[in-house]
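Protein chains in written order, with our numbering: chain A, 1 to 655; chain B, 656 to 1135; chain C, 1136 to 1348; chain D, 1349 to 1650.
Some clues are possibly wrong.
Unchecked claim - Just some of the chain A residues that point at chain C, by a computed CB distance under 7 Å:
id: 1; residue: 627
id: 2; residue: 635
id: 3; residue: 636
id: 4; residue: 639
id: 5; residue: 643
Please keep in mind that the hints were generated in silico from the structure rather than gathered at the bench.
Given the structure is predicted, the values throughout are model-derived calculations rather than measurements.
Just so you know, even glycine gets a beta-carbon here, dropped at the ideal spot from N, CA and C.
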Amino acid sequence: MTPGPLLLFAAAGLTAGLVAGRRHAPAWLGFTLAGAVAALVAAAQLLLGGAPWEWRSEFAVAGQPLHLRLDALGALFLALVAVVGGAGSVYAHGYWSDRDYPQSAPRGRLWWNTLLLSLGAVLLSWNGLHFLIAWELFTVAAFFLITLENQRRDVRAAGWLYLAASHLGTMCLFAFFAALAARTGSWELGPMRERADLAPLFWLALVGFGLKAGMFPLHIWLPSAHANAPSHVSAIMSGVTIKLGIYGLLRTAGWLPVPAAAPWTLIVLGAVTALLGIAFALAQSDVKRLLAYCSVENIGIILIGLGGALLAAADGSTSLTAGAAWGRLALAGALLHVWNHGLFKSLLFFGAGSVLHATGTREMSRLGGLWRAMPWTASLFALGAVAISGLPPLNGFVSEWLVYLGLFDAVTSRSPAAWAALPAAIMLGVTGALALATFVKAGSLIFLGAPRTAAARDAHECSPWMRGPMVAVAAACGAIALAPALCWPLIARAAGAWQPGWADLTPPASLFTLGGMQVALALLAFAAGFALWRRARADDVTRQLTWDCGYVVPTARMQYTSDSFAGIAGGWFAWILQPQRRLRRPRGLFPEGASRMERVPETVLERLIGPVAAVVMQASLAVRRLQHGRLQYYIAYVVVGLAGLGTLVVLGGGS
Amino acid sequence: MKALLLVLLPLAGAALAAVWPSDRTRPWLLPVVGVLHVALSLWLLFVPPPFASTAWFAFDPLARAVLPAVSLLFLACAAYAVPYLGVRAERSNRVFVATFLAVLGLLSAGHGARHLGLLWIATEGVTLAAVPLIHFNGTSRAFEATWKYLLVGGTGIALSLLGSFALGYASLYGGGSGDLTVAALASQGAKLSHPWVLAAWVLLLAGYGTKMGLAPMHTWKPDAYGEAPGIVGALLAGGVTTVAFTAVLRVREVVAASGSGAIADRTLLAIGLFSMLVSALFLLGTRDFKRMLAYSSVEHMGILAVGAALGAAGVYAALFHVWGNSLTKGALFLSAGNIRRAAGARTMDEVSGMSAITPHSAAIFITGMFAVTALPPFGPFFSELGIVRAAFGADRPGTAAMFLGCLLFVFFGLTRLVFAIVDGRPRAASRVTGQRFPETMSVIVPPLVLLGFSLWLGLATPAVLTEAWAGAVAQLFPTP
Amino acid sequence: MNAYLNLLIGLAIGLNLLALGSSRLPSLINAVAVQGMALGAMPFLLEEHINWMVALVACATVAVKGFVIPILLRRAMRTANIEREVVPSIGYVPSLLLGAGGTIAAVAFARTLPLLPEHAGSLLVPGSLASVLTGFVLLIGRSKAISQVCGYLILENGIYLFGLLLIHATPLLVEAGILLDLTVGVFVIGIIVDRIQRAFDSLDTRKLTVLRE
Amino acid sequence: MIVFLEFVARLVGWLVLAPLLPGIINKVKAWVGGRRGPPVLQLYYDLARLWQKGVVLSTLVSPGFIAGPAVAWVAVLGAALLLPLGPVGAGLSFRGDVLLLIYLLALARFCTAWAAMETGSAFEGMGAAREVSYAVLAEAAIITAVLALCVHSGSVSLATMLNPAAGAGAVLLAAGLFAVLLAENCRVPFDDPNTHLELTMIHEVMILDHSGPPLAAILHGASIKLLLFATLLVEAVVPLGGLSRPAAAGVLAAGVLVVTVGVGLVESLLARLAFRRVPLLLTTAFLLCLFALLVAWKGGAA
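Build the full structure now, drawing on both the sequences and the hints.
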């Protein structure tokens, strides 16, 4: 079956789900899953070497003839949409059920399918106008998904911030596509690299798509939106929709000529995004905010890879076709990381959702010891934590390894690119170490130790509806981790779709070895763990209270908290984190109470944009004062307008 | 002759309404006349009648490109008016119905007027006929609004009369006959006296700009739109402003013919961007959602002016925008009217959570808000994108940047206010008043239909419309 | 004949100044009325051969501007029993100076304007400019609704004066329509003034500031 | 077959030799302090004893408490096996294996920190927080050092990477890596392996609650890590490429011994740093590696 019918089937399934969603949740789930599977199969066909699927029709939508095209690059992202979308809908069936949310659940299903459909449309449409339409639709669909609980004030605020910020990006894309259309004379997209005059448009695209991707400092909307959205929505937003920003950047860089400064800018932005993103993540005490900031970090890693690829392509030769080999490695790393992050980030958000569902709080310092109540969630979350910290033997390491390898090769090649690759590599190393710290903190605070509150004590394991998708996504992570060489051709085809001539389907030899190492490591780790467990069990295991240096009555509240854990490394980033502390010290001989509260603001938003917004509101107030209701002045305004126009005309060379 | 029917039919209807005995059945005249008018205008849209360029009044391409939108809007408002006047049975609707119909007739006259004097008469007539509509509620607030509407509008319209005279004198001084038909003036071309033409342009732009509601002459708008019933607001925002805009376009044609097109465009661009900026600043702070609609209308008039300043492509997009704006604004005004009646209040301090009380109107309100802020695939998205494209095409990236910046802030203001009203928990007071205002089909369908039109306009722009707009552009930009 | 015309226009300009200077509403209304009548008479001086249409229009002008509207205004004034303008936002002396300066400026400016020879001598253009200016000063500077209406009337008189330049060019049908509109407009304004007087039982527009941001 | 034997030999070598180093260090410290000190083979005895012992588990811990040390041990051992031994070369070598080595150590860190957090004890939380935080700076230093080696050798695989240059670069690199070694293996001046004040510990405080075989795994893993770093340091600065196998082996062994003694001397002559000073020292190490990198860059350019 060729992609065409499959995609049609997928669209039909999602649409059917859209219709059925209002009344019958099970039917919705069935239709949506069928659609997702069909889309996945279609994407797989292309990634496995199928010819690009193209469909031109005279049938005009919005005055433009329909032009759909799915190539390997689009398929790469479409596969992600299908997997996370499918898993998310199963998860939502248990997590956001009609029983728990009678009003908003039907709405949620409606917008969920709208989101999936529009995401697919973005990936398929090769006409600027249709791309823009689909892009806007998915923005709005995501907004309504974020604000499902619109009676909660913080949710509304987060949703509005997302909407407003996205609109800035949208305006940039308006300008981008309009200028493109004005200069090329048509809305059709496609390679036009010979048009050197189009290069400056890249900057518009960078802002427009970068904002959606959550690139620093345009990430301001991301944390609150992803934290306040329902968890399956957070999963698809963090896992998929921000990747669409990457997709847009990739397309722009692949189709249009890029300014000479663009690759450098991308690498620098990527490095900064990665480092600061993870620094913010480390300092968070709300698990979903932490995960959101971590998405910023991963976008940074992807951007580094993308920038490296562009740099290689640029200095590889004048024509983009033959790039330096290391560029392909970096690009492959970036593309693979798109998948990896999509998978383990949705896994982690699903896990966070289960915790939220079970305990009703996202504050890590109110949790603890959940592994006993929810072993599945705990182990899967741990797996995700290892993966996202980029540690072997899991998939995060593979993609980061490819990016590293690209950068190292750039360094050893001693080309000018090395000057970008060197700091990027070091920053990447630091980022990795910080990510490790972040996820040791997150995992252990939530699941290990003793429960800090009653809510954590009375937690319960999540339903199979929520467990299933987590297992599935985790399995996908494992597959990529243990057989990276098998993923290579798929990635290479996508790269080839991006830059003709970059599709070398034979994986680098070292990738096979790495895969072998990963498998061996996994097996050995299991073996050793099991052996040690057996050994320990062999003799009598005495269970007793944590020794804690002989302290007699340790209480749960004595455990390390989020702030204390992040204190050291967070302190190094205080210049940007600007944590706000409220400290009440114990006083007197018999102190009553003491408290210490710490909050890490979204610095860019509150310290940079806030003041600007205040100024704008001042201006608004000043203007509104002019509408004071006195008719005399209103007529004076008319005279003023008349005079203004007159002077304008006179200055315009009139009379 | 059919074209003249567009004027005479509503006026006859008005006369009939004036003498109609029953208050209960009189409102039905509105939809009846509306249907006839729509049928007629659509017929003329599809079968454009021939016209003599010297004619004073004709269904010329420009009228053809704009008038049907007004006609459709009127029909929706008329359909809505029947149940509306039903619930407002406490006051006689004789004057209301009569003047409502008269407004339609005069609007048609204004759109088709090719003689500046006739154009002015029609516009002034609309202004005066709208007065009883605005103070229909009879509150002291309504009278205050009417007073301001009258004096500011009157002053503006007086200026445009002065401008028309100045244009005539330009023709006289240029050795012409002083004939005020657009065709005659345009044919005189460069022989028109330059200074007088420029003076006329300034006066006419200021005058008709006041009717359009361009800043800083927009001051009457929030009061009038805020105090008038929703249908009246819709007709003012979608119809009267359109007449003024066509007037500006016709005058611009003459000015361009006299060789000062560049100056005219510069002024149009300046006042358009200024209006957008001012309205954006207002929208960021306003708390009353009916006044919000007025400011949004100011913004859209600015958009039209900017479009008109950007050459043929821009004017084409502007005409497109006239349609999108009229229909979408209509939907917004009507749904806002529903919410206003159900909530019993108008500011975000008193109203919230209306999605729970009037779910359908709230949904329409939100959709309309998104549509009017250029969310695809509604009409305004394509027209505004067209204007941006025209700006880039005219190599004016700065203009495009300012344009988009204003749109951004407008979006901030609108979403802030609309979601504050629709989301959240309903107020107790609204719960009470909500019971007294059932959301019947008759108040839901008209705005819904308008939204549908706006959507259709965007997704599948009818070929006849594109052709009509192209024709109007061809008329306004004659290729020698 | 041009001389008579200029005489009348001079009278109109003088009335402008009077309107600007007078603090009592009755004298203001009277000034407007007389100015209206003077304007109404002008077509007779401009047209060589009077046809019935011109006569009709002219008489209508005289009737409406000279009698109907002033009566309307006087009634409103009496019902609101206000005699004089209180606290104008532009004082009398300043507005007088403004008006006088404006008039002089208008006369000077009119010289620079490109005018046809037959108009160059007449005071038509400066007179109209001066009246428009006066109208604006009154509209902006007075706070009583009635004075503002008078300002509006003077403004329209100015425009009417300018229109006389085109009296040969523009067909009378248009003139009639314009005049009709103006008249209706003033009627409507008068009605609204009346309503406001009832709704607020005062004609002080400073009370009309409920509608604001 | 030969390959397999060599591999086994290599494995045994790492497993058996590693616990020597702590013994040597302690001997040196005792010698400087004028005491007899524990026997060199002390750690072997300890390991054997611990392996026999039963396990005491906190009531809070999950199976991860035991799995952690095991995985960490595997990871460190794997990293060690990746390290080529002079002319003998590595068990298996591929492009980018150095990154795997670094990240295996990171995995070990993750597991120990995770296991430490299992107990819910404030002290062990403290230890874990310090471990992962200081590792951030150490990581930067290591990556930079590796980059220096890459730039110098123009290769990204350990086997060919470790043919160092003599001169300034080597000295800087040696200093930097030595500091990293001290930090990563929780030695004075960063940490004090045999203090008894938990508040001042990093690594030791993480394993307070471990006992029996798991503790043995941890200790053994730590010793392997020490040996790994010592070897890496030697190979990074001493050119072994030219030498014959026995000579190379001798030089390598001597070098490791020197490093170990050096550690011992440092421990007995320096005092532990205040914690707020630790980042300073690590940053210095990072800068040393950075300068080494620049030197390598210039050298290559010339």
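Comparing the hints with the structure gives:
1. 627: holds, 4 Å
2. 635: holds, 5 Å
3. 636: holds, 5 Å
4. 639: holds, 6 Å
5. 643: violated, 11 Å
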